[in-house]
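Trainee: Now for the letters of each chain:
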Amino acid sequence: MAFNLTVNGESRIADVDGDTPLLWVLRDTLGLVGAKYGCGAALCGACTVHLDGIPVRACVTPISGVGEQKVTTIEGVGKTAVGAKVQAAWKAVDTPQCGYCQAGQIMSATALLATTPKPTDEEIDAAMNGNLCRCATYIRIKKAIKVAAGLEKA
Amino acid sequence: MDGEILRDPTRRFVLQSGAAVGGGLLLSFTMSSESQAAGDTKVNAYVRIASDGKVTIASKVPEVGQGIKTALPMLIAEELDVDWSAVTVEQAIADTKVYGRQVAGGSMATTLEYDGLRRVGATVRALLIAAAAARWNVPADSLKTEAGFVVDAAGKRRASYGELAQAAAALTPPDPKSLTLKDPKAFRIIGKSHKSQNLDAIVTGQPTYGIDVRLPGMLFAAFAKAPVYGAKVASVDLAPAKAVKGVRDAFIIEGGTNLQGLLPGVAVVADSWWAARKGREALQIQWAEHPTARQSTAGFAAKAAELAAAPPHRNLHNDGDVEAALKGAAKTVSAAYSYPFIAHAALEPQNCTAHVKDGKVEIWAPTQNPESGRALVARSLNIDPSAITIHLIRGGGGFGRRLMNDYMVEAAAIAAKVNAPVQLIWTREDDMQHDFYRPGGWHNLTAGLDAKGGLTAWKNHFITFGEGETFNTAAAMNATQFPCRAVANYRHDVSVMPLGFPTGFLRAPGNNAFGFVIQSFTDELALAAGKDPVAFRRELLGEPRLLGEPGKGDSFHTGRMRGVLDLAAEMSGWGRKVPKGTGLGVACHYSHLGYVAVVMQVTVKDGAVKVDKVWAAADVGRQIVNPSGADQQMQGSILDAIGSTLYQSITFENGAAVNSNFGDFPLLRMADAPPVEVRYKLSDNNPTGLGEPAYPPAPAALCNAIFAATGKRIRSLPIGDQLA
Ligand code: FES
Ligand code: FES
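Chains as they are written, first to last, in our numbering: chain A, 1 to 154; chain B, 155 to 878.
Here chain A stands alone, though its shape is the one from the complex (with noise of 0.2 Å):
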């Protein structure tokens, strides 16, 4: 069936089946890359993205769930103010290595930010813990996450 969807700002129709995760709409079907795949099962953040301002997971969220909320993903994210200066620090402080969390990584970032300006160290591993990093690039997303928030230089 057809889902009327807001995606970074933009009306979308996505004539799917309405169990299909978010996810795979986002990949397949609307041709939005940024989200990953990494576990499918709501263990890993790779395929974070904002309902209303919210980080979900999308590969368990089902198309059907999304309703009226508006939809942003890592290729809108820097429209925001918050989102701009998360990917500006990501790449001031170099932090990727293969770089595949890190679009899960700067959404949570960012929705973090959003509403804690200035997190505590406390408060950012908190609001990451559920962004798994293989490369374990940690010590670089946090001091990204502290320079965006004006709390350390790059």
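Do not rely on the hints blindly, as some may be mistaken.
[To be verified] Derived DEER-like restraints, expressed as beta-carbon distance ranges:
no.: 1; chain 1: A; residue 1: Ile54; chain 2: B; residue 2: Lys399; range: 22 to 32 Å
no.: 2; chain 1: B; residue 1: Pro539; chain 2: A; residue 2: Leu151; range: 51 to 61 Å
no.: 3; chain 1: B; residue 1: Asp354; chain 2: A; residue 2: Glu152; range: 14 to 24 Å
no.: 4; chain 1: A; residue 1: Leu151; chain 2: B; residue 2: Lys759; range: 22 to 32 Å
no.: 5; chain 1: A; residue 1: Ala88; chain 2: B; residue 2: Pro704; range: 46 to 56 Å
no.: 6; chain 1: A; residue 1: Thr80; chain 2: B; residue 2: Lys399; range: 34 to 44 Å
[Claimed, not checked] Just so you have them, the derived chain B footprint on chain A, three or more residues with Cβ under 8 Å:
no.: 7; stretch: 27-40
no.: 8; stretch: 74-87
no.: 9; stretch: 99-112
no.: 10; stretch: 131-142
If you're looking for bench data, these hints aren't it; they were derived computationally from the structure. Predicted model, so just to flag it, every value in this text is computed and none were measured. Here a beta-carbon is modelled for each residue, glycine too, at the ideal position from N, C-alpha and C.
Using the hints, position chain B with the ligands against chain A.
Mentor: Same frame as chain A, now just chain B with the ligands:
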């Protein structure tokens, strides 16, 4: 996607005009190995200079997060003498005839390419100088270069590389031996931090990885293989899969029995991957019986215990007389160590896109080892290797998993039955249950100490996987690892048992486990000798000298190890007082030509380990090519090792892996990732790689720190709940 590259495999050391690439100069080299100093490897590379002075450099080695796509082009750019900001890097296509070795493995790229790729840059620079000399009618040696320009000695005349490119293209390249490479003191690019390639695309979510490849008319595939490796399809009902909306086709792939090749299974091809996966789940497959179904982790452990109690199958190295030395020792220490199978678990599941058309195959693969994939596909599809084109796509992590090309041959075999490009994506569960695992192993060690606490004897009965004299992949141990040759009496014995699961290379293969065993047992010996762990290691290393034959892979320089040991001890404030429940542990290990020492501080509370801080020192020669990337590899390797040491183990039951996803195969999370301070000890040796050597000392440093904190010796991995 930057898989496009221009090539000219037929001409050797020729230049051609770059009209095809929008003007400017295309320099293509195939410098034969004879034209270089003996012992150098074959070098191939491409440089392209546009008329506006922009330089495009091809990176020959696959990128999987190790940062080689930055480091190798830096070598060329340095000698070419251009600003790094003028350089664009392109991933080379897979073509060994043009590029030589294109393998992301063994931490070998820096080692093998450091000299040759600088010579490539220097050759291009010499041609540009020659073009300017001809234009100005002056001797070439009166000219120099300045970041993308050729200038005359008086500084009066200046020509950009872009202006000179066409003329340079018409000249005959100089003999590479005649070229003088830069004095390292003059380096402007090498030794400075440069950022990862594809950084913009990564942070903005632009297509970058194998699963992001999109081709017109492309379909998606899921592929079901037997949980027991190599089991055939006995029967299958394809109809329920074909009934799923979006599914185009479902069919059996016969496959063979070679565990490294195409295995039997059932493919489902659909308009979207979700539909393919749903179709695959709807399949009712009966798998044929297979003898590996009788194998299990519990069975391996029982067999290992049986073999440990029996005389070893073989002796692989014997110095002096261990038994006599043990009899005469003031003290002997025995311990049994073991570690489990572990999976690579790269975050991007295995995938590959293939298009088979008119007898040709085009492949887009995140592979670390394209040429072996080409050979596999050629054999399986019965076509000539030259009919296969392989685009190298950035991999979402490798760790050695993508040295194997099972996903590539599967994608090609599926695409051969479909009239469209096909992207095969494995599920996470497929990835974890069809890995080439780091093999488990068992070590039974005994050592002797003299009255002064000096090591007099060391023997290891290593129990591993193999048959007769053959070991399974990555299941062999170098019989002459340190402390061999540092102790007068040394034996390395081995016994093997058969294994039906495929094993493979995982970051610092072998050493990732041997480092844990050797350096943990060394700590036990220090304790028995009544000595400080760092002091005991210093004594064992002794005078600076090379153990083993120079140039051999197992030769070991005690002075280089001493250097990093001392540095790590200094960085960590070794010997300082720490609170109760906190401990410092040290370990040092040599692998992949790199010497690394690690100190960890841990705090153990209520059975839970927290790594407070890590200090690491490495000696990988006289030059760190890209410090930012080097730090990433050091920190990443050590954190990788901490995660696997704490949590990871693959368990087999009834011939299949039980673990399926990150719930039962955990990765380290941010809250458990300690700060890792890294320093390099520069030594007058050729620069070598950093993707792996920091891993092997880390597990032992962690376990030795736990011992210092709690008195509990970890002899079996993972640590899991052993401290509870
Ligand atoms: S892919 Fe969604 S959490 Fe891993
Ligand atoms: S950078 Fe590779 S998984 Fe995070």
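Trainee: Next, verify each hint and record whether it holds.
Mentor: Consistency of the hints with the structure:
1. A/Ile54 to B/Lys399: 22 to 32 Å: 30 Å, holds
2. B/Pro539 to A/Leu151: 51 to 61 Å: Holds - the Cβ-Cβ distance for B/Pro539 and A/Leu151, about 54 Å, lies within 51 to 61 Å.
3. B/Asp354 to A/Glu152: 14 to 24 Å: 22 Å Cβ-Cβ, so the 14 to 24 Å window holds.
4. A/Leu151 to B/Lys759: 22 to 32 Å: 28 Å, holds
5. A/Ala88 to B/Pro704: 46 to 56 Å: 49 Å, holds
6. A/Thr80 to B/Lys399: 34 to 44 Å: Between A/Thr80 and B/Lys399, where Cβ atoms are some 36 Å apart, the hint holds.
7. 27-40: Contact hint for the stretch 27-40 of chain A vs chain B: holds, 13 residues under 8 Å.
8. 74-87: holds (count 4)
9. 99-112: Per the Cβ count (6), the hint holds.
10. 131-142: holds (count 12)
In this structure, none of the earlier numbered hints is contradicted; all agree with it.
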